[in-house]
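Colleague: Given chain A's structure and the hints, the job is docking chain B onto it.
Residue numbers (the working numbering), protein chains in the order written: chain A, 1 to 124; chain B, 1 to 561.
Any given hint might turn out to be false.
[Said to hold, decoys possible] Below, a list of computed lysine to aspartate or glutamate pairs in the DMTMM-like style, where the Cα atoms sit at most 25 Å apart:
id, chain 1, residue 1, chain 2, residue 2
1, B, Lys491, B, Glu338
2, A, Lys29, B, Glu8
3, A, Lys106, B, Glu15
4, A, Lys89, B, Glu544
5, A, Lys89, B, Glu8
6, A, Lys19, A, Asp41
7, A, Lys42, A, Glu73
8, A, Lys89, B, Asp37
9, B, Lys403, B, Asp379
10, A, Lys102, A, Glu113
11, A, Lys19, B, Glu15
12, A, Lys72, A, Glu46
13, A, Lys89, B, Asp65
Read the hints as simulated data drawn from the structure, not as lab findings.
Please read all numbers here as calculations on a predicted model, not as lab measurements.
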Amino acid sequence: MLRKILAVDDSALIHQMYKLFLSRYKNCKLVSAMNGLEALDKLGQEQEIDLILLDINMPVMNGLEFLQRVQKEDAYKGIPVIIISTEGKEEDTVRGLKMGAKGYVKKPFQASELHSLIEKITGS
Amino acid sequence: MDFEVSAELVGIYLEDAREHLAVLDDALLRLEQSGPDPDVAASLLGPLHTLKGNSGMIGFNGIKDYVHRLEDAFTRVRDGSLTLEPAVLQPLFEGASALREAIEAAAAAGREGRDLGAEGAVLASLLAAGDAAPSPAPAAPAETTRSTKAGDATLAASRSSLVRVDFAKLDHLLNLVGELIVHRTKLTEMGRQVSAVAPDAGQELLDSVHQVASVSTQLQETIMDIRMLPIRHVFERFPRLVRDLAHGQDKQIELILQGEDTRVDKAVIDEIGEPLVHLIRNAVDHGIEPPAARAAAGKSPIGTILLSAAQESNQVVITLVDDGAGIDAAEVRRRAVERGLLGADEKLSDREIIQFIFTEGFSTARSVTDVSGRGVGLDVVVQSMERLNGLIEAETIPGAGTKFILQLPLTLAIITVLMVEVGDNVYALPSGAVVESLHFRPNEVSQMNGRDTLRIRDRIIPLVHLSEFFGVAPRRHRAEAYAVIVGRGEKRLGLTVDRLRGQQDVVIKGLDSVVSGTALGVAGATILGDGRVVLVLDVAALFESSRGRGKRGATWAPAEA
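Excised from the complex, chain A in its bound form (with noise of 0.2 Å):
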């Protein structure tokens, strides 16, 4: 069962759809950073993450970079990751993948396509 979710995005309009899109999985928290940086941080904060939803282009710290950092730590690596890509940014979702990235969606998508992803990698 999902306990608690990380989104990383540096759009407050896609932290409220995340709101709205994980409504469903009940006593699930989401916990929310607005770049990379600031997602290690709750990462360290917060206990037994259970999946990170990854947005690549963002301030600070993109999500490339973030990726890197949580797979070099044997306490986070195993957390499964999903990137959220934009059009256009195609070879960024690649190298995300080849990184350790467990799958990814597009922008815009849709929450049943989500829904079936965090399904289908979390098993949940």
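Modeller: For chain B alone, kept in the frame of chain A given last:
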């Protein structure tokens, strides 16, 4: 789409989009002024990318597609394969305006309306033309992103502690603090009463109350501070506005902004944009002369508009100065007489004459242009200022320019009032509306058009005797009293009172509740420490009644009088 696009989501989208659009405008201006700069172009890519993603998520696909093209264009600019000559910049400026229109319209309607197809086609042809030209070796983009990283580290530290809060919640919080302040004042009074009978216990109570008072003051200040935003949020769109307006009239104008970091209440921020746009349009359209006329007058062909903001005690003062032709007082006088606002032989100073430009429907513009002069006068500005409890004044030097001075309260929630006594009653006057207060003697009052007036320096100010207005018996003969000169927009009115009690911060409650009503000249009520309810006077309503009296005779006296 398998979810409802709620108004809340659209609101977040719009707020976010506006920020990105401001970045786009700013970057375009910088690119125009200082030539192609790969760093400026690169700094745009992040915001555009986010805007594209957001537009797609919310289902605004036409907007998404256009932003995608813009992203392409600026990627080319960054890489040096698209040069920014005027033929390229102009469509980008126009495209940015069209994009803003499309986003505002889509957000307002909840779905896309304004089609960006034409603008998209223009961009596509620009990009195609760029393809045909031989492209220089692309600059290493990794380099540019890395170079900005050090500076971002500090930003990261501050960013991670930010929280978005609904403004309504802050409003509620402020209301709660307002209650706290009322009770704090009351507790202090009680402390004094207890001290009188039991000094020790009274002192202990007072010390404690003092602590509470100090904390609640800090709490109030902190909440007020949270509600404050730099006026930059309003100013940042003006460089683009001035550029576009000047461009359309073949004028050269430099806009200088000062004091953009001055912080004011969000409610003021929301309201002040429109009047400022109006004044700026006026300055560009009627103030600054065409380059040839400027040169002939011995001025630099480039006109200057200075927009500045500064905090002065609990007010923010915004000044807009242009070095244009100034306002012709003789022309204003002629129009005022023509419209019956002024008697043909009435003597007024030039400064006073100029204030007629603020009256409804007043215009001295000889030609109707694309920009202003479409029958919308400065009275619109005056109305906004009235809503904000602000004051506006104009000064002009013929041939040298015009200056508008706008005085606004820093906040609309807690106001400083001047307490005055009329007979046995205490009334509160919003300090923001008080220009000055003075003591006067009976022989200084003169009659004009059948009403009492007072001459103060070069202005003749009509008087309203508050004792008559509220039907209370004045303590002394009314003319041996104080006059509080209040202003509304550019107008001035003298209110006669028996005594001045000093200033105090109060929380106005229930501005549109049953207690208030413009007919009564009361804006709301506040509670004093001793539990006494004090009426806060509605200065605007006092002006209305005073005007009504001038026209119809004494119809504004209270019913029982």
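Colleague: Any hints from earlier that this structure breaks? Give me their numbers in increasing order, please.
Modeller: Numbers 4, 5 - these are the hints that the structure violates, sorted from lowest upward.
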